[in-house]
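In order, the protein sequence lines correspond to chains X and G. Counting from 1, one number per residue, gives the positions in the first sequence under my numbering. Counting from 1, one number per residue, gives the positions in the second sequence under my numbering.
Accuracy of the hints is not assured; some may be wrong.
SDA-like mimics (lysine to any residue), calculated; alpha carbons at most 20 angstroms apart, straight line [said to hold, decoys possible]:
1) G:K314 / X:K148
2) G:K314 / X:R42
3) X:K246 / G:A42
4) X:K148 / X:K246
Computed Cβ-Cβ distance ranges for the label pairs, DEER-style [to be verified]:
5) X:A6 / G:G233: 32 to 40 angstroms
6) G:K121 / X:S119: 54 to 62 angstroms
7) G:L156 / X:L122: 48 to 56 angstroms
Simulated from the structure, these hints should not be mistaken for laboratory data. Since the model is a prediction, treat every value here as computed from it, not as a measurement. Here a beta-carbon is modelled for each residue, glycine too, at the ideal position from N, C-alpha and C.
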Amino acid sequence: MNNIVAEQPWLWAGLVAYLVATLVAMWGLSPRLAGVEGGVARQHEKVVLASISLGVLLLTIAIAVRWVRIGHGPWLNLFELLMSQLWSLGLIYALLYWRLPGLRPSAAIVMLVMWILGSWVLLLEPLPSHFPATYYNFWKWFHVGLGKVFLGLLLAGVGLAGVMILRRTERGRQWFRAMPTDAVIDRLAWRLMMLALVFDSLMLITGAVWAQDAWGRYWAWDALETSSFFTWLLLAVGLHVRLSFKLPPWLSGVIIISIFVLAFVTYFGIPYISPAAHKGMV
Amino acid sequence: MVRILQALASLKLTLAGMVLLGIGAALSYGNPVETSIWVLVAPMALLALNLAAAILTNPRINRQPGLLVFHVGLLGLVLLAGIGRLTHLDAHLEIAQGQSFRPELMMDVRKGPWHAGALDKVAFTQGRFTVDYAPQLRRGLTHSQVFVPQPDGTVLELDVGDDRPLVLERYRFYTTHNKGFAPLLTWIPHEGEAVTGLVHMPSYPLFEYKQDNRWTPPGTEEDIKFWLQLDTGLTLEDSWVLDGRNSRGVLVVTSGDQRIELKPGEEAQLPHGRLRFERLTTWMGYRVFYDPTIQWLFFVSVAGVFGLGHFFWKRLSLVAWTDDDKGPDSKGGTA
Numbered sequence: 001m002n003n004i005v006a007e008q009p010w011l012w013a014g015l016v017a018y019l020v021a022t023l024v025a026m027w028g029l030s031p032r033l034a035g036v037e038g039g040v041a042r043q044h045e046k047v048v049l050a051s052i053s054l055g056v057l058l059l060t061i062a063i064a065v066r067w068v069r070i071g072h073g074p075w076l077n078l079f080e081l082l083m084s085q086l087w088s089l090g091l092i093y094a095l096l097y098w099r100l101p102g103l104r105p106s107a108a109i110v111m112l113v114m115w116i117l118g119s120w121v122l123l124l125e126p127l128p129s130h131f132p133a134t135y136y137n138f139w140k141w142f143h144v145g146l147g148k149v150f151l152g153l154l155l156a157g158v159g160l161a162g163v164m165i166l167r168r169t170e171r172g173r174q175w176f177r178a179m180p181t182d183a184v185i186d187r188l189a190w191r192l193m194m195l196a197l198v199f200d201s202l203m204l205i206t207g208a209v210w211a212q213d214a215w216g217r218y219w220a221w222d223a224l225e226t227s228s229f230f231t232w233l234l235l236a237v238g239l240h241v242r243l244s245f246k247l248p249p250w251l252s253g254v255i256i257i258s259i260f261v262l263a264f265v266t267y268f269g270i271p272y273i274s275p276a277a278h279k280g281m282v
Numbered sequence: 001m002v003r004i005l006q007a008l009a010s011l012k013l014t015l016a017g018m019v020l021l022g023i024g025a026a027l028s029y030g031n032p033v034e035t036s037i038w039v040l041v042a043p044m045a046l047l048a049l050n051l052a053a054a055i056l057t058n059p060r061i062n063r064q065p066g067l068l069v070f071h072v073g074l075l076g077l078v079l080l081a082g083i084g085r086l087t088h089l090d091a092h093l094e095i096a097q098g099q100s101f102r103p104e105l106m107m108d109v110r111k112g113p114w115h116a117g118a119l120d121k122v123a124f125t126q127g128r129f130t131v132d133y134a135p136q137l138r139r140g141l142t143h144s145q146v147f148v149p150q151p152d153g154t155v156l157e158l159d160v161g162d163d164r165p166l167v168l169e170r171y172r173f174y175t176t177h178n179k180g181f182a183p184l185l186t187w188i189p190h191e192g193e194a195v196t197g198l199v200h201m202p203s204y205p206l207f208e209y210k211q212d213n214r215w216t217p218p219g220t221e222e223d224i225k226f227w228l229q230l231d232t233g234l235t236l237e238d239s240w241v242l243d244g245r246n247s248r249g250v251l252v253v254t255s256g257d258q259r260i261e262l263k264p265g266e267e268a269q270l271p272h273g274r275l276r277f278e279r280l281t282t283w284m285g286y287r288v289f290y291d292p293t294i295q296w297l298f299f300v301s302v303a304g305v306f307g308l309g310h311f312f313w314k315r316l317s318l319v320a321w322t323d324d325d326k327g328p329d330s331k332g333g334t335a
């Protein structure tokens with residue numbers, strides 16, 4: 001590895017805070033807490049929330065330091081994208097965790113998913129990126145911001161989906177004993193999916209406006225556009241399937257996780273394997 | 001009739017339409033020429049029919065203003081996208097410094113059968129341009145100067161480039177990575193009148209190693225080859241600005257066994273006449289886009305999404321998010 005650059009210590013510190021949140025959230029599922037009086041049994045949730053919030057703060061500093069160092073925001077290469085998503089997913093999940101106590105035990109799943117990004121970013125060199133002319137456009141702020149909210153809502157949905165699937169086992173039922181019934185979790189998860197659809201739609205619209213400005217066409221079925229359309233369509237299909245059929249909770253969870261996987265590939269895979277203009281380097 | 005409408009409004013038909021649309025989208029990936037537009041139009045038409053029937057018959061949709069706005073918005077999008085395809089124009093344009101736009105300069109023109117834009121009213125003259133490059137030839141901002149005549153007889157100078165298109169009569173001209181040099185030549189035949197014209201060299205710096213072209217003078221079979229030796233200050237290691245004002249060129253002219261190097265202002269005697277290299281100029285490549293529906297697409301889609309947001313907001317606030325399993329919709333099937 002090359003010399004340590006200015007943002008890395010802040011990034012690592014943020015990841016340590018996320019690690020603490022992950023471990024404490026997992027500890028909170030411990031059977032030893034079963035039967036403990038509710039208030040006491042949920043005290044660890046404050047530590048989880050505080051750790052995620054601290055992680056977000058440290059990642060904010062990491063992003064700001066990098067911004068100053070290379071002269072532009074975290075828009076382009078995979079290192080920047082992962083760091084930026086770790087920040088925004090942490091922020092959105094912290095807000096949901098704070099406002100929706102019913103989903104808190106699912107943080108153990110959510111934070112583990114976050115660690116896919118956390119481990120990945122540690123493997124990457126913090127190389128500076130080139131800021132292309134098309135990125136001066138102010139629509140990128142809306143497009144990227146809405147996309148972050150969309151992915152954050154999907155991530156929270158994945159936590160609930162994971163609970164519904166794991167509860168098919170005795171151990172899963174034990175871990176998530178403090179959560180509401182599957183029907184309530186299912187309803188909450190799909191509410192998050194509904195909101196995700198709104199933000200996904202707005203992300204596509206603002207992306208189309210940006211594409212029109214940047215490349216002179218609003219939609220051209222390039223790799224990222226096609227993949228993001230599939231994500232939107234799968235989300236819409238999921239919502240309509242749920243309206244059309246009575247789904248068992250585990251299947252509901254599988255659908256939500258499938259949507260997330262597709263969105264994840266769209267975000268972190270397609271832009272870096274496709275030669276399309278969306279790669280951002282043109 | 002009502003039964004037919006209800007059957008058409010089926011959610012299962014919606015799902016089938018969505019699956020077909022997904023297949024159509026997969027087939028449309030990369031806009032392959034061999035893929036028919038019908039792979040998208042057919043499922044969209046099916047979904048539009050399904051949606052129209054649902055709007056008419058399904059109280060879940062037509063009694064919920066937000067959901068109604070969203071679904072009508074989706075229908076509107078399909079219609080507008082269709083109108084857009086019928087009326088659009090897409091083309092490429094290479095225009096040299098000092099040259100005035102003429103529709104005949106456009107290349108690769110693709111337009112819908114109902115295209116009726118006022119292309120003949122589009123008037124501008126290309127000025128000079130600059131393109132910034134970061135080290136390792138990573139392209140930065142493009143500044144292209146254009147002169148647009150105004151109704152009062154004055155000329156408006158505009159700086160366009162990248163995400164700042166030149167918009168005239170709803171035609172949008174976007175600069176592209178495609179730009180380069182063009183020697184201005186005068187051909188003086190042994191008999192007949194002299195003609196002056198431009199030979200566009202390949203895109204620069206993309207084809208920096210291959211700045212050549214060929215031309216056959218009118219009324220002859222003489223194959224004249226041109227090779228432009230450029231000095232633009234291009235460097236890989238440092239930042240660099242592509243600017244015609246800082247560029248010099250020597251034109252190597254080859255005809256048969258003859259090989260002549262010309263500097264601007266010099267001329268050469270060739271078998272069928274004289275060729276004068278007047279000066280070196282530049283050309284800019286534009287993407288030309290016309291679609292009268294784009295603003296409407298934006299407004300309709302945003303209105304639709306806000307309708308959906310309104311519906312969800314009302315729906316989500318009906319019951320607590322994490323209440324006990326006793327709510328009115330706790331059995332699944334609705335949200």
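The hints, checked one at a time:
1. G:K314 / X:K148: Not satisfied, since the Cα-Cα distance of roughly 23 angstroms exceeds 20 angstroms.
2. G:K314 / X:R42: violated, 31 angstroms
3. X:K246 / G:A42: violated, 29 angstroms
4. X:K148 / X:K246: Violated - the C-alpha atoms of K246 (chain X) and K148 (chain X) are around 31 angstroms apart, more than 20 angstroms.
5. X:A6 / G:G233: 32 to 40 angstroms: holds, 33 angstroms
6. G:K121 / X:S119: 54 to 62 angstroms: holds, 59 angstroms
7. G:L156 / X:L122: 48 to 56 angstroms: holds, 54 angstroms
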